[in-house]
Amino acid sequence: MNSAPVRNHSVALEDTLIYHLDGEAFARARNASVEFDTLFIRALSDRLTQQPAAQTFRGVSGETVKRLVTRGPVSIGSSASIREVAQKMVDERVSAMLIADGGSLSGIVTDRDIRKRVVAAGLSVDRPVTDIMTKQPAILDGDAHAYEAAMIMMQRNIHHLPITSNGEFIGMVARSDFMRIETEHPLYLVSDIGKQTTAEGVVNACKRLPALIIGQIESDAHSEQLGKFITMITDTVTRQLLRIGETEYGPPPCDYAWVALGSQGRFEQSAKSDQDNALLLSDAAKPEYDAYFEAIAKVVNDGLDACGYVYCPGDVMASNPKWRQPLQQWKQYFNRWITVPEQKALMHANIFFDLRCVAGNVELVEELKVSIRSDARKNEIFLALMARNAMNYQPPLGFFRQFVLERSGEHKNTLDLKLHGIMPIVELARIRSLAAGELRISTRNRLRAAAEAGEITTTDAANLIDALDFIEKLRVEHQGRQLQAGKSPDNHLAPNELSPLVRQNLKSAFSQVRVSQSALLNRFHLA
Amino acid sequence: MRLAWLRARRWYYRQRHPRAPFDAFLAAELPRPSTVFADIEFVSLDIETTGLDANTADMLSVGWVIVRNGKVDLSTAESHIVRPTGDVGDSASVHGLTDTVVGEGLDWAVAVDKIVRVLTGRVLLVHHAGLDKVLLDRLCQARFGERLLVPVVDTLALEHRRQRRHHHVEANASLRLADLRETYGLPRYAAHDCLVDAVATAELLMAIVAHRNVSSLGDLTS
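Top line first, the protein sequences correspond to chains A and B.
In the numbering used here, each residue carries its 1-based index in the first sequence increased by 836.
In the numbering used here, each residue carries its 1-based index in the second sequence increased by 28.
Rather than coming from a laboratory, the hints here were simulated on the basis of the structure.
Where is the CB? At the ideal position from N, CA and C, for every residue including glycine.
Heads up, some of the hints might be wrong.
[Claimed, not checked] Subject to a maximum C-alpha distance of 35 Å in a straight line, what follows is the list of computed DSBU-like cross-link-like pairs (lysine-lysine):
id	chain 1	residue 1	chain 2	residue 2
1	A	K1309	B	K99
2	A	K1343	B	K99
3	A	K1064	A	K924
4	A	K1043	A	K1122
5	A	K952	A	K1031
6	A	K1323	A	K1180
[Said to hold, decoys possible] Here are some chain B residues the structure puts well away from chain A; computed CB gaps all over 12 Å:
id	residue
7	R35
8	A55
9	S103
10	Q169
11	V180
12	G213
13	P215
14	E231
15	A235
16	A238
17	H239
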C-alpha cells in the first residue's frame, strides 16, 4: 500500500482462502473498485491502530461509531438567522447544530464558528446562518469503527461529526465522546477498584466485570489473554481487600505472603471461577498473631465471594486455619504430600502446586518453591501416582470417536469442557513440568519448559497447547453467550449446537489429550 | 475409469491418428496415481446445459480455471457462451441465458476443441461428473469418435465416499456444492455462473486436500 517492501509473518487461526495478487493487479483492482480500495485502506489503518493495543486489550478502536451517539440530531432550517441558531443551541444545550431542510443536510454550525466567524469578525447576528455554516461537512456511517471517526476528526481538525444510518442522520459524535467510552476500558476498572476504601465499594466496582468480559470476548480476545485479564482483575481485588483489611486491623505483626492457588495461581481464570487461596506467614510468626491474620483472611475471602468468586467448595482458603501457616509448616505439608502420597494428598497437591504470590513478601513463596522443586523431582513414585491420578479425568470420547455426553441430570447431553478437556491438559502440564524439575506458572509455559527439558517432544507440547487453545476458545464463546443472555456461566457445552467442522476439531483436540495421557502412563510405566 | 485402463485406451486410440487437437491431447503424459497434489495440474470446469439429462442436453456455456502448484491460478480463468443446436428452452429461467445471447456464442465444435486443448496433460476436476463428464464424452465422441479420455476428480464423489465411510457422523448431509463449501467454511458465491462454479469447485478441492487424508492422485480418484 505504501510501496515499501513488507515482510509479514501471518498465522492462520482458522481455514483461510488466500488470494495472491501481484502489485500491478492489486493497483488495478484498487483503481477499478472503490469498495476494494476502502477495504484495504481500512485493513491498513486497523493494523496501525491495533499494533500497540494488541499487547494489552482492545478498547475504543473496536467499537462502532453509532455506539458513541447519545442523542438524536439537533437541526434547524437553512432560512434561520444566526441568532435563531444560537438561541436553539443554548436551549438544546448542544455545541453544534446541523443545518438541514427536510432531511437533506446543507451544513453544520458549531460554537467555534460563532466565535470565529460572527463575534470576532463583527458579523450581524441577523444574517442568515448559511453565511457562516460549514457547507458539505464530513459525515460518517454509523457502522464505521470509532477510530475512523477519530481519524477523520483529527485529519480535518474538526470537533463534531454527523453520523448516518441507512442515509438518515442519527446524531453526532464529539471529541469528548471518546473520553466517555475510554472509561469503560478494563484498565479503568483496575484503577477504580484501587480507589475503593470499603469492601462494598470493591463489590460494586466489580459489577462492571461481566460486561467487560463480554466486551473482551466480542473483540475476539485469545483465551490465554482473557485468562490473564480476568486473573489480573482478581489479583487487583485481592490486593485492595488486603489493603482495606490492613487499614481496619492495623499493619501486620510479621511478614506474610497472600498466595493464589489453582486457576488464579496459573493466570487461567474463566468467567466462572471459584477462589482458592492461602496465607504463608514468616517463621517469625507467633501463635497469638493468628487472630490478626484470621480477621484479614475473612475480609478477603468474604469480599471475593461477594464479587462473584464464590467460596472454594473444598475450603482451600486462607480463612481455614490449616491453610494459614508459617513457612516451616508449609514445607512440611509439601514434603509429606510428596513422600506419603495418599489420595487426599494428591488432590491437595494438584491445587497447591499452582501457587503464586499475589501480595506480601514474595521471598517467602520463592523459598517454599525451591524446597518443593527439590522434593518433587527426586520422587518418581509421587510423580507416577500424580500421573495415575490425572487419569481420573479423561476426554469424553467413545471407542468410535463419538462424544460421550452426560446421561442425566441438569446438564444432560452436554460435555463438561473443564473437567474432561481443560483439567486433563492442566494436569499433564503440571506433572511433566515437575518431572523436568520446573515449577513455572501457566500451563502453556509448563508445556514449553517440559519440551525444552526434553521431558516431552516439542510437537507434543505444541499440539497440547493448540488443543488447550481450542477447547478454551469454545468455553470462552459458550460463557460469553451465557453472560450475554444474563445467565451465570458454566462449563457445559452441547455438541449438537456446534457446526460439523467444529465438532471434528473438538474431537481432534480430545484425541490429542488422550494420546498425551497414554504417553504419560508409559513414561511412568503404568500402562 | 482406472488410470491404467485409461492409459491403455489412450494409447490404443492414438494408433488411429486422430485429428488435432485430440492427437496432442492423447500424446501428453498423464500424472501417476502416486503423483502428489501439488504436482498435478487440474482444470476445474463447469458447464451450464439446456437440461438435466446428459444424453440429450446441450452445452450453453463453459467456464474453467487451472489449479497448479496447489493454487487456483485465477489468471487462467476462461468462460465461453456456446451456441446450442436446439433452442434454449426452460433453462433460460435458471441461467439467465436467452436465445439472443446464446446465438452469439461459439460453435459447439470450437468449444470442444478449446476444452480438449486446456485439458491436455491435465486432470479434469468437476463437481458431479455424472452430468458434465457424460455430456463432454458425448460431444467428444461426436467430434473425434472417442470419449474424452481424461483422469477425473469429482469433489461430489469424493465427499460421498467419505460420508459413507463415516456414516454414523453425518448421514444426511447435503452434497450440493454450496452446502459442502459451507461445511468447509468457504464463502458463499452467487451460484449458476459456470466460471464462478468452476472456481468454487477448485477452492473446495483445496479445502478437502487441506482437511482430509488425501495427498496423491490415487487418493483423489479411488
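Going down the list of hints, with the structure as the test:
{"no.": "1", "hint": "A/K1309 to B/K99", "in the structure": "holds (30 Å)"}
{"no.": "2", "hint": "A/K1343 to B/K99", "in the structure": "holds (29 Å)"}
{"no.": "3", "hint": "A/K1064 to A/K924", "in the structure": "violated (50 Å)"}
{"no.": "4", "hint": "A/K1043 to A/K1122", "in the structure": "violated (39 Å)"}
{"no.": "5", "hint": "A/K952 to A/K1031", "in the structure": "violated (42 Å)"}
{"no.": "6", "hint": "A/K1323 to A/K1180", "in the structure": "holds (34 Å)"}
{"no.": "7", "hint": "R35", "in the structure": "holds (34 Å)"}
{"no.": "8", "hint": "A55", "in the structure": "holds (32 Å)"}
{"no.": "9", "hint": "S103", "in the structure": "violated (8 Å)"}
{"no.": "10", "hint": "Q169", "in the structure": "holds (37 Å)"}
{"no.": "11", "hint": "V180", "in the structure": "holds (24 Å)"}
{"no.": "12", "hint": "G213", "in the structure": "violated (5 Å)"}
{"no.": "13", "hint": "P215", "in the structure": "violated (7 Å)"}
{"no.": "14", "hint": "E231", "in the structure": "violated (6 Å)"}
{"no.": "15", "hint": "A235", "in the structure": "violated (7 Å)"}
{"no.": "16", "hint": "A238", "in the structure": "violated (7 Å)"}
{"no.": "17", "hint": "H239", "in the structure": "violated (8 Å)"}
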